[in-house]
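Number of protein chains: 2
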Amino acid sequence: MIVSESILRAFTQNIFLAMGCSQEHAVLAADVLLLSDLRGIDSHGVARLTGYVRLWEKQRINATPNIKIVHETPTTATVDGDGGLGLVVAPFAMQIAIKKAEKYGSGWVSVRNSNHFGIAGYHGLMAVEKDMIGFAMTNASPLVAPTFSNERLLGTNPMCYAFPAGKYPPVIVDMATSAAANGKLEIAQRLGKQVPEGWIQDEQGNYTTDPHALKTSGSLLPLGSDREHGSHKGFGLSATVDILSAVLSGANYGPWVPPFVAFLDPPNDPVGKGIGHFLGAMRVDGFRPVDEFKSHLDNWIERFKSASTINPDQKVIIPGEPELEAHADRLKNGIPLVDAVANDLNDLAKKLGVEALK
Amino acid sequence: MIVSESILRAFTQNIFLAMGCSQEHAVLAADVLLLSDLRGIDSHGVARLTGYVRLWEKQRINATPNIKIVHETPTTATVDGDGGLGLVVAPFAMQIAIKKAEKYGSGWVSVRNSNHFGIAGYHGLMAVEKDMIGFAMTNASPLVAPTFSNERLLGTNPMCYAFPAGKYPPVIVDMATSAAANGKLEIAQRLGKQVPEGWIQDEQGNYTTDPHALKTSGSLLPLGSDREHGSHKGFGLSATVDILSAVLSGANYGPWVPPFVAFLDPPNDPVGKGIGHFLGAMRVDGFRPVDEFKSHLDNWIERFKSASTINPDQKVIIPGEPELEAHADRLKNGIPLVDAVANDLNDLAKKLGVEALK
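First to last, the sequence lines map onto chains A and B.
Start counting the first sequence at 1; every next residue gets the next number (the working numbering).
Start counting the second sequence at 1; every next residue gets the next number (the working numbering).
Hints listed in this document are in silico derivations from the structure and should not be mistaken for laboratory results.
Some hints could be false.
As the list claims (entries may be wrong) - Subject to a maximum C-alpha distance of 25 Å in a straight line, what follows is the list of computed DMTMM-like cross-link-like pairs (lysine to aspartate or glutamate): (1) K184/A / D31/A; (2) K273/A / D291/B; (3) K130/B / E72/A; (4) K167/B / D269/A; (5) K215/B / D269/A; (6) K273/B / E302/A; (7) K184/A / E228/B; (8) K68/B / E302/A; (9) K99/A / D285/B; (10) K315/A / E197/B; (11) K305/A / D226/B; (12) K315/B / E203/A; (13) K315/A / D285/B; (14) K193/B / E228/A; (15) K103/A / D285/B; (16) K273/A / E197/B; (17) K103/B / D285/A; (18) K130/A / E72/B; (19) K68/B / D291/A; (20) K315/B / E197/A; (21) K294/B / D82/A; (22) K273/B / D298/A; (23) K103/A / E72/A; (24) K184/B / D226/A; (25) K294/A / E72/B.
Turn these sequences into a full structure, and let the hints guide you.
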């Protein structure tokens, strides 16, 4: 099924409204999910809608949260998301970071008691639109084993760094700190394909190419895959995300992070509240005039785009470029939904009394 | 040769004094190099001393720099290092970040017109000593090819995140954003050993295990090694370091970064001044009380240290732990110098009229 952006957006808003979200929150949450679908990151868009609803049904997502600042300095804050949708809590926190940056040059917000916040890039882009550099990260359900371990202690813990350019689109680094994101495994599972060595290990810590190995106590590997190729660096990055998002805010960290899937219960010995995010914004003109920065970033982009490549048909890809191409294409031609997702969404619509997708 | 910390420190200070550095700068620069040797990171310590001197001889390092702030907001600043030693310029910049954080919660400094700053961890630790979270990164001579390219366009561009713990030592993530740091290649070269596939490629972009391949137009690979294992993420991290350190400050970036080795001339079409760094500090108590943060970070460390491991003899390593063990050992037992380094240092001593190491 191919659905236009506007129809899918209205549908998604209606689902959030049916959950009891305010109009403002429903519009915002749908905006975050839609940007993911538009950018071609299918794993983080409306495909997750049923997941959010199931957590709400289990009372693990609060549709009417009282999101508030619980600790603050001129440029730092801790936000309690009151168990709300991360899709709403994270933009709230990023707005605080942006306001602090407007006044003092930079702003940094650690968030507790939240839920999955969609793509990190959405929040980074909020800063970019204000000629700021955006930072966004979140911890997540434990699926990744640290180097040398066979225990799932970390999420795929993504980090995003976003920079405004001049004549080119912004540079958006938005990456899981694991060798492969869970979404890539899900695709291989659906297609019945094997995955490359270096993405997952089985319960004993042996490499496996079976994308279902996570279901039998396997684990994802940190970026770098093994010690020799720097998996301790992927572990270090993932640890950084976990500490900034959760140890700093008072959220759950490591293996205590509540699972995103509703059929798994959260640990019964929490060390904090909900999951955690970390968001930041720095004014470019806190360092040099914006036009100077943008013209040098344009020059940087041109130099990398024109780099000599191993295969002349495969140019160097600037971070964020493929997502931008998908965005333009899907705005024009609609968003493709695989049957499983389309059926899931229409089952959901029926249950919540929302008009179905056609 | 094994040299005591105090003797090697005095020797290193004397070399910097002989270059014409002030007493204060010589003490500081030696402190940065010594911490590297103490922490077991031999590639970044006194082994680099002759490299700094050669650049000074070529007038590419200014021994008496007038380091100054050229742009500022309450929590951001750009520093011009006036061509000074990065070993001096970076701590100057980190002090500014710390002062801003004391007043406003956080401080961020981008640096241009500098040189190699030693280990990133030194600068991160400066913040940790003040119960702050430290950030430190730098760009470097181009040795790394972006994903799909066979051109050396990026340095090994390290990033450091440093966190103060309570009863445990601080968590220090300090990592090159390439699959392997250049220092590891140098070790393989000295020992005449091959390196693992995934560290370097030859001029045509084929994997090679020859550690000398960098000398024949080969290139280091980003963390992740190849596209399938996430090398675009290593590239994205390296790009982030390059942009924050140089596009933001007005330093040289990408292939324009001047080489650290004096026998290679800098590009004759610079896009900025010198090399760039980016340093930051955030007060922990800008987010939650320090004792709460530290006790949760201790809990985090304990949980990861006690994780189940694949090989029961190989525990999970907390980032920064091996360096701390080396530190304790070398403070007590002295710092081992391989013959090549010891001879190099004594040749240098002779040339500069400094008392030799014995």
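Do the hints match the structure? See the list:
Between the alpha carbons of K184/A and D31/A the distance comes to roughly 23 Å, so the proposed pair stays at or under 25 Å and holds. A threshold of 25 Å between alpha carbons decides the hint, and for K273/A with D291/B the separation of about 18 Å falls inside it, so the pair holds. Restraint check: the Cα-Cα separation between K130/B and E72/A comes to about 18 Å, which is no more than 25 Å; the hinted pair holds. A distance of roughly 22 Å separates the Cα atoms of K167/B and D269/A; the hinted pair therefore holds under the 25 Å criterion.
Between the alpha carbons of K215/B and D269/A the distance comes to roughly 55 Å, so the proposed pair goes past 25 Å and is violated. Among the hinted pairs, K273/B with E302/A is consistent with the structure: their alpha-carbon atoms are about 20 Å apart, no more than 25 Å. Taking the CA atoms of K184/A and E228/B, the gap is about 11 Å. The hint holds against a cut of 25 Å. Between the alpha carbons of K68/B and E302/A the distance comes to roughly 31 Å, so the proposed pair goes past 25 Å and is violated.
Our distance criterion of 25 Å between C-alpha atoms is met by K99/A and D285/B, whose separation comes to about 20 Å. Proximity of K315/A to E197/B is assessed by CA-CA distance (about 23 Å); at most 25 Å being required, the pair is judged to hold. With a C-alpha separation of about 18 Å, the suggested pair K305/A and D226/B falls inside the 25 Å cut-off, and the hint holds. A hinted pair counts as satisfied when its Cα atoms are at most 25 Å apart, and K315/B with E203/A qualifies at roughly 16 Å.
At most 25 Å may separate the alpha-carbon atoms for a hinted pair to count; K315/A and D285/B exceed this at roughly 46 Å. Pair hint K193/B plus E228/A holds up; C-alpha atoms about 15 Å apart against a cutoff of 25 Å. Of the pairs offered as hints, the one joining K103/A and D285/B holds, with about 20 Å between alpha carbons and a cut-off of 25 Å not exceeded. Between K273/A and E197/B the alpha-carbon distance is near 43 Å, which puts this suggested pair outside the 25 Å criterion.
This hinted pair checks out: K103/B and D285/A have alpha carbons roughly 20 Å apart, not beyond 25 Å. The hinted pair formed by K130/A and E72/B meets the criterion: a straight-line CA distance of about 19 Å does not exceed 25 Å. Of the pairs offered as hints, the one joining K68/B and D291/A holds, with about 23 Å between alpha carbons and a cut-off of 25 Å not exceeded. For the hint linking K315/B to E197/A, the alpha-carbon distance of about 23 Å falls within 25 Å, and the restraint holds.
Straight-line distance between C-alpha atoms of K294/B and D82/A comes to about 24 Å, which keeps the hinted pair within the 25 Å bound. Annotation: proposed proximity of K273/B to D298/A holds, straight-line Cα distance about 18 Å (limit 25 Å). With a C-alpha separation of about 14 Å, the suggested pairing of K103/A with E72/A holds against the 25 Å cut-off. Between K184/B and D226/A, the direct Cα distance comes to roughly 16 Å. Compliance with the 25 Å bound is thereby established for this hinted pair.
Taking the CA atoms of K294/A and E72/B, the gap is about 18 Å. The hint holds against a cut of 25 Å.
The earlier numbered hints that this structure contradicts are 5, 8, 13 and 16.
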